[in-house]
Amino acid sequence: MADTPSPRRVEFDHDLDTWTIDLDPPGPGGTATLQMSPGLRLLVDVAEPDRIGAILTSDGIGDSIATEDRAAVAAIFGRAALDELPTASAPGRSRRSPNGPEDLSEIRDHLGRLAIAEDLAIETTDQVVGAVAGAEAALHAEILRDNWHLTRDRPTSTTAAAQRLIALHASIAERITPDARDNLNRLLVEIASFTPTPTADQLRALSRNSEPRAADTKAAVGSWRPTELPVGRLDFDKRTDSPAAGQIRLDRRLFSPALLDPAVPAEVTWVRATGDLIVRCRVTRGAYLVALASHWVRAYRPDTRTVLALAPLEPIQPTGDEQWAEARLHIGDHDVISLIVDVTDAPKQRPPSVLRRTIEEATSIGSNAAHLERLTALAAIDAWETCAHTWHEANDTDRQALALARAENLALTARHEDQAAALRNQYANLHATWAATRLEPRPPAAPLVADLLVPAQ
Amino acid sequence: MAWSYEAFEDWFLGFAYSTEGTSLVHRAAGRLGLAPAIADDLRQEWVLAVRRTVAGRARGSDRLIEFVDADTSASYVTRALQNKAIDLLRKDRSTPEPIDPGRPSMAANWSDATPHELRAVSPSAEALVTERDWCETARQQITNDLHGNVLRCPGCPAPRVAQIALYAINVWCDRPTHESLPSWTAEIQGGTQELDQLIYQALLQIFPEQVQRSADGRLAANVRKMKQRCGDCVRDLLRDIARRCHTLTTGDVVSDVDGLDHG
Chain P
1 MADTPSPRRV EFDHDLDTWT IDLDPPGPGG TATLQMSPGL RLLVDVAEPD
51 RIGAILTSDG IGDSIATEDR AAVAAIFGRA ALDELPTASA PGRSRRSPNG
101 PEDLSEIRDH LGRLAIAEDL AIETTDQVVG AVAGAEAALH AEILRDNWHL
151 TRDRPTSTTA AAQRLIALHA SIAERITPDA RDNLNRLLVE IASFTPTPTA
201 DQLRALSRNS EPRAADTKAA VGSWRPTELP VGRLDFDKRT DSPAAGQIRL
251 DRRLFSPALL DPAVPAEVTW VRATGDLIVR CRVTRGAYLV ALASHWVRAY
301 RPDTRTVLAL APLEPIQPTG DEQWAEARLH IGDHDVISLI VDVTDAPKQR
351 PPSVLRRTIE EATSIGSNAA HLERLTALAA IDAWETCAHT WHEANDTDRQ
401 ALALARAENL ALTARHEDQA AALRNQYANL HATWAATRLE PRPPAAPLVA
451 DLLVPAQ
Chain L
1 MAWSYEAFED WFLGFAYSTE GTSLVHRAAG RLGLAPAIAD DLRQEWVLAV
51 RRTVAGRARG SDRLIEFVDA DTSASYVTRA LQNKAIDLLR KDRSTPEPID
101 PGRPSMAANW SDATPHELRA VSPSAEALVT ERDWCETARQ QITNDLHGNV
151 LRCPGCPAPR VAQIALYAIN VWCDRPTHES LPSWTAEIQG GTQELDQLIY
201 QALLQIFPEQ VQRSADGRLA ANVRKMKQRC GDCVRDLLRD IARRCHTLTT
251 GDVVSDVDGL DHG
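First to last, the protein sequences are chains P and L. This note's numbering applies: residue 1 is where the first sequence begins, and numbers increase by one. This note's numbering applies: residue 1 is where the second sequence begins, and numbers increase by one.
With the rest of the complex left out, here is chain P:
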């Protein structure tokens, strides 16, 4: 379908020395990114994948933008966007064709889905979900590579990305059962057969038709669900002097997944008699154990980030096929009520603040809510409400309002008028600034193939 491109917001930020195009703040589900080239990074709103912004930096030659990046800008944002950018060279400008309508929707749709699939492929701890998401990303990259028709300057970085993702797709064969692989390939072929690109309704229909097979796939390869434990938080019950939880989820950004298994929560034992907190983490299969010495467990107060104790992780006797590492922290028996435990390879760095952790949590919940929204409206309503509550804790009124508006929209879709009214009342009085013009949510995005492997809740 052809559309008349709306005017693009092309701005230069003198402080940060970069050009931006349509750069809106990411919504409550955060952002997925595509590094198209060293100078061009795309930001895709996870909850609204058609909301795409760009950050452009110069190629180091004067203030110019690389020819390849200009070509990508023309294809994604329209040729008019180039008028605001500095030219790389005379030939670059001469190639532009200012006439005729542009159809940006196809490329933007593939880009949005590529970004989300690629992020899912990287972030998930489930190898199969990761492989499937990688395959879907490869599919979109491949389509982009073939249909990058709006410019004669085809960005070679897209080709490289496609090749990388296609290689990832190839690795699926080693990870899932033949039946599941056949099912996945069939889904991918069906999606690829849509011309020019599958619509949300088409994909939903495909999802429904594939449900039994998707369930088979899930049963064959195991399920993946969003992690539920708060990161690192350990609360003590002073009546029993015991932590309320025996497990904690670790902040994956702080340690190497090549050494510790990020999918497995750390196990915590509180030994009151000695004042010791024993933290055990499962070691990644095949890890080089000597390198564990670079990883430290630390316990600190959530509010002041004062470290109470820290100790390096050390491997312990294997149990069966599993290898674990352990650290013993002496925190005594003083006035500990609540603390954060994490594992880090940078113990000299301050732990993240409460605000930082709250933003992480809100973004993670929002990302999961976006996933649920792609599958089914009902389940996503609660998730967006939880997301809104967490953004409220982060004092972010804009994203709180956006999350509530998404929940309201889904409630209306499900014909839950009373619930929708209640949700609207919640955000009607919030003072949103940049989000005020975005409170009418766009329709839910079509599901990814990888979404089918994640159980709906």
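Because the hints were derived from the structure by calculation, they are not lab data. Built from N, CA and C at the ideal position, the CB exists for glycine as well. Errors might be hidden in some of the hints.
[What the hints assert, rightly or not] Label pairs and their calculated CB-CB ranges:
| hint | chain 1 | residue 1 | chain 2 | residue 2 | range |
| --- | --- | --- | --- | --- | --- |
| 1 | P | Asn429 | L | Asp133 | 39 to 49 Å |
| 2 | L | Lys225 | P | His389 | 53 to 63 Å |
| 3 | P | Ser105 | L | Gly14 | 41 to 51 Å |
| 4 | P | Pro443 | L | Phe15 | 23 to 33 Å |
| 5 | L | Asp232 | P | Val290 | 23 to 33 Å |
| 6 | L | Tyr17 | P | Glu417 | 51 to 61 Å |
| 7 | P | Glu314 | L | Asp133 | 32 to 42 Å |
| 8 | P | Gln317 | L | Ser75 | 46 to 56 Å |
| 9 | P | Ala263 | L | Thr72 | 39 to 49 Å |
| 10 | P | Asp50 | L | Gly30 | 36 to 46 Å |
| 11 | P | Ala258 | L | Gly30 | 43 to 53 Å |
[Stated by the list, open to error] Just so you have them, the derived chain P footprint on chain L, three or more residues with Cβ under 8 Å:
| hint | segment |
| --- | --- |
| 12 | 4-11 |
| 13 | 19-29 |
| 14 | 37-43 |
| 15 | 77-83 |
| 16 | 137-150 |
| 17 | 233-244 |
[Said to hold, decoys possible] Lysine to aspartate or glutamate pairs mimicking DMTMM-like chemistry, simulated, CA-CA at most 25 Å apart:
| hint | chain 1 | residue 1 | chain 2 | residue 2 |
| --- | --- | --- | --- | --- |
| 18 | P | Lys348 | L | Asp87 |
| 19 | P | Lys348 | L | Asp71 |
| 20 | P | Lys348 | P | Asp303 |
| 21 | L | Lys225 | L | Asp196 |
| 22 | P | Lys348 | P | Glu314 |
| 23 | P | Lys348 | P | Glu417 |
| 24 | P | Lys348 | L | Asp216 |
| 25 | L | Lys225 | L | Asp240 |
| 26 | P | Lys348 | L | Glu136 |
| 27 | P | Lys348 | L | Asp40 |
| 28 | P | Lys348 | L | Asp236 |
| 29 | P | Lys348 | L | Glu6 |
| 30 | P | Lys348 | P | Asp382 |
| 31 | P | Lys348 | P | Asp276 |
| 32 | P | Lys348 | P | Glu267 |
| 33 | P | Lys348 | L | Asp10 |
| 34 | P | Lys348 | L | Glu9 |
| 35 | L | Lys225 | P | Glu314 |
| 36 | P | Lys348 | P | Glu361 |
| 37 | L | Lys225 | L | Asp236 |
| 38 | P | Lys348 | L | Asp240 |
Mind docking chain L on chain P? Use the hints.
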């Protein structure tokens, strides 16, 4: 001419914490709709990411990096700042980079004082400084030193020094008032004062595998060496911490180190 890693780091740390750097951090956060309160976290993650990356490059190229001047470096670190700002609004990603092993440390510059010694010197502190306050202030000071990259030890990484010091503080703060340390600590030669005994207890608990005894039950020579080496280091740190705690909680600057020693 390329910069050395040290030259770059000196420039970068100065830049990151300058007024200009602070303004940039706020700008990068604000552009993504993030509150100014997140600026400290963003700057910290930015500094860590840049230092890790540049240190990694420096290791592979004879400690020389391609930045030739402040302008070139500013372009690089500004881009890194934008990336870190975007990462604030991305779901968990685990992309750790090799940790910087750190440069050779400078000699320690620590002075003297312990909680009990402090009280002996300054009776007024007894009223002002509760034990719990002192403990928390001491932990906060060690935390600040660790994260401020000012903990130095010629033999151990800084986190190890912090580990031992915090262990000693926790043991001291956790024990019932007026109760002496376990009797077994008395056998440790050279540990005649409470502070020494605390440190030695921490060392023996943290490095139990190194506690070997001779046929007559005495601690082996290597243990005594470890006690001396690590003990000196941690003792000096704790004395410095105690002096700072005294200043922080009473407002008095302790300058008479000898007086504290013999107070």
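Practice prompt. Tell me if chain P covers the segment 233-244 of chain L under the three-residue, 8 Å CB rule, please?
Written response: With 0 residues in contact (Cβ-Cβ under 8 Å with chain P), the coverage given for the segment 233-244 of chain L is violated.
Discussion item. Tell me if the straight-line CA distance from lysine 348 of chain P to aspartate 303 of chain P falls inside 25 Å.
Written reply: holds, 18 Å
Worksheet item: Can the suggested window of 39 to 49 Å be confirmed for the beta-carbon pair asparagine 429 of chain P and aspartate 133 of chain L?
Response: This hint holds: roughly 43 Å between Cβ atoms.
Practice prompt. Using the beta carbons of aspartate 50 of chain P and glycine 30 of chain L, state whether their distance is inside 36 to 46 Å or not.
Written response: The hinted range 36 to 46 Å is violated for aspartate 50 of chain P and glycine 30 of chain L, with Cβ atoms some 24 Å apart.
Item to complete: For the pair we were handed, lysine 348 of chain P and aspartate 382 of chain P, check the Cα-Cα distance against 25 Å.
Response: violated, 39 Å
Worksheet item: Under the criterion that the straight-line Cα-Cα distance not exceed 25 Å, is the pair lysine 225 of chain L, aspartate 196 of chain L satisfied?
Response: holds, 14 Å
Worksheet item: Are 3 or more residues of the segment 137-150 of chain L near chain P, judged by a Cβ distance of less than 8 Å?
Response: holds (count 7)
Worksheet item: Falls inside 32 to 42 Å, the C-beta gap from glutamate 314 of chain P to aspartate 133 of chain L?
Response: holds, 34 Å
Worksheet item: Holds or violated: lysine 348 of chain P with glutamate 136 of chain L, Cα cutoff 25 Å?
Response: Roughly 19 Å between the alpha carbons, so the hint for lysine 348 of chain P and glutamate 136 of chain L holds.
Discussion item. Between the alpha carbons of lysine 348 of chain P and glutamate 6 of chain L, is the straight-line distance 25 Å or under?
Written reply: holds, 18 Å
Worksheet entry | Range hint 51 to 61 Å (beta carbons of tyrosine 17 of chain L and glutamate 417 of chain P) holds or violated | Holds: the Cβ-Cβ distance is about 54 Å, inside 51 to 61 Å.
Discussion item. Checking one constraint from the list: CA of lysine 348 of chain P to CA of aspartate 10 of chain L, max 25 Å. Satisfied?
Written reply: holds, 18 Å
In this structure, the earlier hints numbered 4, 10, 11, 12, 17, 19, 23, 24 and 30 are contradicted, and the remaining ones agree with it.
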